[in-house]
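Novice: Assemble the whole structure, with the sequences as input and the hints as a guide.
This note's numbering puts the first residue of the sequence shown at 3, with every later residue one more than the last.
Note that these hints are calculated values from the structure, not bench results. Errors might be hidden in some of the hints.
As the list claims (entries may be wrong) - Listed below are the simulated BS3-like cross-link pairs for lysine-lysine, each with C-alpha atoms no more than 27 Å apart in a straight line:
id : residue 1 : residue 2
1  : K15       : K171
2  : K139      : K15
3  : K95       : K127
4  : K139      : K32
5  : K32       : K53
6  : K171      : K139
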Amino acid sequence: MNRQELVNLIREKQSYLCVGLDSDIQKIPKHLLSHADPVFAFNKAIIDATKDLCVAYKINTAFYECMGIRGWETLQRTVEYIPSGIFTIADAKRGDIGNTATQYAKTFFDTYKFDAVTVAPYMGKDSVTPFLQFPEKWAIMLGLTSNEGSQDFQLQQMGDELLFEKVMKAGMEWGTPDNLMFVVGATQQSSQLAHIRKLVPDHFFLVPGIGAQGGSLQEISTQAMNKDCGLLVNASRAIIYAGNGEDFAADARQAAAQYQQEMAEYLSQIAVGI
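Specialist: Rendered as structure tokens:
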């Protein structure tokens, strides 16, 4: 999916909601465990309930890789079930170099047909650029995250700037607003959002942390939107685990609808070029 298609999708759905399918077999409703593929049954129901309310799904691959070959099969079935025209993200946080990075890119772009994959830039340019060689595919580079350990490196002073600022500036030189996004956390880093948007005016941000992690959709939207919206705001647990009974999908839909309605308000209030 290219940038204009993504912007058009946001406009059509009046939403920039990304639903995280961080589906843990230990947490899904118990009545699904009788299915041959319980996690896929859960994902299918969540997708059916939310596909008209969101513009993206983010699959955290760790929840699938831990189940071995069956998990990878569930991941593939899930990606294939997501309707065409919805942006798909492999939250895999790969971070290797050269031919290895290229093989990772082929895994998620060619084999599993994702639109985007998250990448860790610690090893530098040659750990990111292999993901930028695929037409209409995206690398989503870790920028400033919300975990406590972000202070260990990302917020350390490097001359006249913080390390995360240096990393994000470098990323803008490697990729373009058409093939590179940044992960910017919504919880501990909410005070940085406006500053980061000035630093990185044109790129999309993938913003995790609303809902169960306590991030504020209002703060994100008012501080970090750009003329094309420029946001994919992810909610995982707050939506997919909104209920745990037989009507869990209806509960998930209700939670997603609340986010979508709030997003529609921000899109109408803020002058964005969509």
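Novice: So, for every hint listed, does it hold in this structure?
Specialist: Verification of the supplied hints:
no., hint, in the structure
1, K15 x K171, "31 Å, violated"
2, K139 x K15, "21 Å, holds"
3, K95 x K127, "15 Å, holds"
4, K139 x K32, "37 Å, violated"
5, K32 x K53, "23 Å, holds"
6, K171 x K139, "21 Å, holds"
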